[in-house]
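Could you build all of it, start to finish, from the sequences and the hints given here?
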Amino acid sequence: MPSLLILIPLFGVIILNLFFAASPRAKKYAFWAAFCLFILQMLVAIFHHPAFWNNSLDRVDAFFNASFLIDHLSFVMFLCIGMVSIASLFVARYTMSDDTGMFKFINLLIIASLGMTGIVMVKDVFSLYVFMEITAVASFLLIAFPRTLDSLEGSFKYLMLSAVATVLMLTSIGILLIVSGSTSFSAIANGIAESRNSSLITFAIGLFMCGLFIKGGLMPFHGWLPDAYSAAPAPVSVLLAGVVTKAAGIYTMIRIVTSLFPFDTAINGVLMLIGTISIFAGALTAIAQNNFKRMLAYSSISQVGYIILGLGAGTGLGIAGAVFHLFNHSVFKSLLFVNSSAVEKETGTCDMDKMGGLAQKMPVTGATSVIAMLSACGVPPLAGFWSKIMIVIALWQASHHGYAVAAVLASIITLAYFLSLQRRVFFGKLRAGFEGLKEANKTVVTVSIALAVITIGAGVFFPIIFYALILPVKEILLR
Amino acid sequence: MNMNIDVMLLVLIILGALWTVMGRSLLKATIALAVTSALVSLVIFRLNSPLAAVFELSVCAGLITAIFVSAISMMRPLTHQEVLAISKARVKRYRYLPVVLVIIGIALILMKARQDFMIMPPPPFSTDVRSLLWNLRRLDLIGQVVILIAGALGIVILFEEKKQNDK
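Each protein sequence line maps, in turn, to chains R and Y.
At position 287 of the first sequence (counting the first as 1) the number is 287 in my numbering, and the numbers step up by one without a gap.
At position 1 of the second sequence (counting the first as 1) the number is 1 in my numbering, and the numbers step up by one without a gap.
Check before you lean on any hint, since a few could be wrong.
[Unchecked claim] Okay, derived cross-link-like pairs now, SDA-like style, lysine to any residue, Cα gap no bigger than 20 Å in a straight line:
{"hint": "1", "chain 1": "R", "residue 1": "K157", "chain 2": "Y", "residue 2": "Y94"}
{"hint": "2", "chain 1": "R", "residue 1": "K442", "chain 2": "R", "residue 2": "T347"}
{"hint": "3", "chain 1": "R", "residue 1": "K438", "chain 2": "R", "residue 2": "Q289"}
{"hint": "4", "chain 1": "R", "residue 1": "K123", "chain 2": "Y", "residue 2": "L141"}
{"hint": "5", "chain 1": "R", "residue 1": "K157", "chain 2": "Y", "residue 2": "I155"}
{"hint": "6", "chain 1": "R", "residue 1": "K438", "chain 2": "R", "residue 2": "R93"}
{"hint": "7", "chain 1": "R", "residue 1": "K474", "chain 2": "R", "residue 2": "F462"}
{"hint": "8", "chain 1": "R", "residue 1": "K123", "chain 2": "Y", "residue 2": "K28"}
{"hint": "9", "chain 1": "R", "residue 1": "K123", "chain 2": "Y", "residue 2": "Y94"}
{"hint": "10", "chain 1": "Y", "residue 1": "K92", "chain 2": "Y", "residue 2": "I155"}
{"hint": "11", "chain 1": "R", "residue 1": "K123", "chain 2": "Y", "residue 2": "R138"}
{"hint": "12", "chain 1": "Y", "residue 1": "K28", "chain 2": "Y", "residue 2": "A85"}
{"hint": "13", "chain 1": "R", "residue 1": "K123", "chain 2": "Y", "residue 2": "I155"}
{"hint": "14", "chain 1": "R", "residue 1": "K28", "chain 2": "R", "residue 2": "I46"}
{"hint": "15", "chain 1": "R", "residue 1": "K157", "chain 2": "Y", "residue 2": "L158"}
{"hint": "16", "chain 1": "R", "residue 1": "K123", "chain 2": "Y", "residue 2": "N135"}
By construction, these hints were calculated from the structure, which means they are not laboratory data.
Okay, here's the thing in structure tokens:
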């Protein structure tokens with residue numbers, strides 16, 4: 001039945017465009033269809049009932065002729081994809097006034113979500129590449145959606161660097177196919193195990209990882225990310241920062257290094273090094289930014305560095321911490337981008353030098369942004385604290401004491417740039433000209449509150465989430 | 001002899017690709033791209049994959065060239081000065097490319113690629129490309145369909161908006 005998660009959105013998009021595109025209520029139908037789809041995806045991930053995941057639909061599955069790899073890591077990703085897609089959908093409803101544009105936007109959103117769902121389900125590197133391309137094509141179009149010079153430039157940069165990543169990964173897949181005779185995960189793992197010290201395989205692994213570093217926007221492969229995040233329309237920024245880079249870059253990295261490549265000290269060393277560079281370089285660059293969305297973009301690079309650092313620890317706890325931080329980052333970064341969209345829509349600017357004291361007029365946006373910020377900085381008892389502490393403990397237990405200390409110190413820089421953001425945007429004296437400013441509408445306020453509740457809830461009820469959702473993730477190491 | 005033909009084809013492919021990116025006019029670049037694709041299809045043919053070679057020749061060298069040429073025919077041709085300026089800037093930007101290529105080539109020759117890996121046998125399946133595509137890679141084909149839908153949506157979004165802006 002998992003194949004339904006690909007078939008339903010595919011036929012949904014076809015039916016929407018064939019039968020409802022000309023209807024005056026097309027936007028409404030598309031909105032609720034997408035909403036139901038994402039809710040369904042979240043429900044099957046949260047309850048992961050065997051009746052859905054293990055039962056096969058004979059004719060449908062025979063048509064697909066493909067089996068899927070679904071485990072607890074997939075469930076976390078399904079949850080992130082559904083949650084962030086809903087947030088993006090509601091932000092689009094708030095920011096987009098053009099009904100026809102909104103209909104097309106929703107279609108692309110469903111396709112991007114379908115692509116990410118496919119990435120999370122497949123167990124074949126070529127199929128993985130195909131679904132990455134679906135996500136990438138939908139993302140290019142979503143970034144370019146407003147057709148402004150900035151958005152086209154951001155989309156073009158993403159397109160170019162994504163093409164480089166694709167070339168690197170396809171070359172790697174070609175080499176791995178020669179060595180293993182097939183593109184399935186298990187065959188490649190066997191092929192690599194048979195030729196452990198081959199320089200050609202090392203070369204292929206390096207190429208694949210470089211491609212994924214580009215897709216994940218890690219330093220020094222991050223060139224596209226700040227432009228794409230800041231130039232994209234608000235709902236697309238939410239989607240990109242919340243889940244696209246996570247599914248296409250980070251999830252794939254976790255899956256590939258644990259299921260295919262030898263998860264050894266060399267790979268762990270590379271991951272920890274790149275992770276640490278990203279954490280510090282991203283955080284230090286974020287401090288210097290004046291644009292709200294650009295600062296959040298660099299903050300994303302820094303936070304993704306934590307995920308890669310946790311993965312690099314190479315232990316079950318490290319992977320569980322990395323995946324929990326991935327989930328937390330999806331939530332709090334989506335929340336911050338939802339806040340930025342509210343601020344941008346109401347003030348008409350993203351320049352932080354032109355803002356100040358907005359919390360007086362936008363109390364919910366201000367308060368929820370503080371919650372997201374505190375979670376990002378790792379302040380207890382919010383969810384970000386638990387994921388960061390898991391990563392630090394995992395690094396310490398694996399005797400990577402230097403990296404553990406670096407991870408803690410970097411949190412101080414995170415706090416510094418987020419405090420600067422809060423002071424310049426939400427606190428202090430209200431800027432002249434903003435006296436008539438209003439809080440964002442109910443749609444966005446509801447999304448902000450929901451994401452803030454998840455951030456607080458995942459922190460306060462950490463033990464429940466830890467044992468039900470996060471700890472089982474480390475089983476991927478036993479495969 | 002066979003080896004010489006392969007090397008010659010690879011050199012020609014590189015030259016074709018360089019001509020494509022360094023060419024002065026878009027039309028010539030398109031023709032160069034078609035030539036490169038035709039050479040690639042020859043290599044694929046020599047690798048005993050005639051169906052893939054036909055795909056490469058018909059789609060990449062044929063269909064895509066036709067689409068590019070029809071798009072270029074709708075554009076304003078550049079003046080001679082503009083072409084010269086673009087050409088000059090391009091040569092300046094890529095002047096280190098041949099040097100890098102030569103250095104990589106020398107490094108690869110010096111390293112002498114070692115075969116320090118085992119080649120695992122492929123799983124037993126039909127070698128017929130049609131059977132491979134339709135029976136074994138059906139999920140990927142569905143993925144391709146989704147990419148086509150996304151592409152069609154993209155064209156509608158980008159060009160419809162353009163029309164509205166023009167008005």
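Hints and how they fare:
This hinted pair checks out: K157 of chain R and Y94 of chain Y have alpha carbons roughly 19 Å apart, not beyond 20 Å. Among the hinted pairs, K442 of chain R with T347 of chain R is consistent with the structure: their alpha-carbon atoms are about 17 Å apart, no more than 20 Å. Note on K438 of chain R and Q289 of chain R: the hinted pairing is violated, with a Cα-Cα distance of about 26 Å set against a maximum of 20 Å. Using a Cα cut-off of 20 Å, the hinted pair K123 of chain R and L141 of chain Y holds, with the two alpha carbons roughly 16 Å apart.
In summary, the hint linking K157 of chain R to I155 of chain Y is supported, as the alpha carbons are separated by about 19 Å, within the 20 Å threshold. Between K438 of chain R and R93 of chain R, the direct Cα distance comes to roughly 18 Å. Compliance with the 20 Å bound is thereby established for this hinted pair. The hinted pair formed by K474 of chain R and F462 of chain R meets the criterion: a straight-line CA distance of about 17 Å does not exceed 20 Å. Distance check on the hinted pair: K123 of chain R and K28 of chain Y sit about 42 Å apart at the alpha-carbon level, beyond 20 Å; violated.
The suggested pairing of K123 of chain R with Y94 of chain Y is violated, with an alpha-carbon distance near 40 Å, which exceeds 20 Å. Distance hint between K92 of chain Y and I155 of chain Y is unfulfilled; the C-alpha atoms sit about 34 Å from each other, more than 20 Å. For the suggested pair K123 of chain R and R138 of chain Y, the alpha carbons sit about 14 Å apart, so the restraint of at most 20 Å is met. Using a Cα cut-off of 20 Å, the hinted pair K28 of chain Y and A85 of chain Y holds, with the two alpha carbons roughly 17 Å apart.
Between K123 of chain R and I155 of chain Y, the direct Cα distance comes to roughly 32 Å. Violation of the 20 Å bound is thereby established for this hinted pair. Using a Cα cut-off of 20 Å, the hinted pair K28 of chain R and I46 of chain R is violated, with the two alpha carbons roughly 27 Å apart. For the hint pairing K157 of chain R with L158 of chain Y, the CA-to-CA distance comes to about 17 Å; that is within 20 Å, so the pair holds. With a C-alpha separation of about 17 Å, the suggested pairing of K123 of chain R with N135 of chain Y holds against the 20 Å cut-off.
Hint compliance for this structure: hints 3, 8, 9, 10, 13, 14 are not met, and every other hint is.
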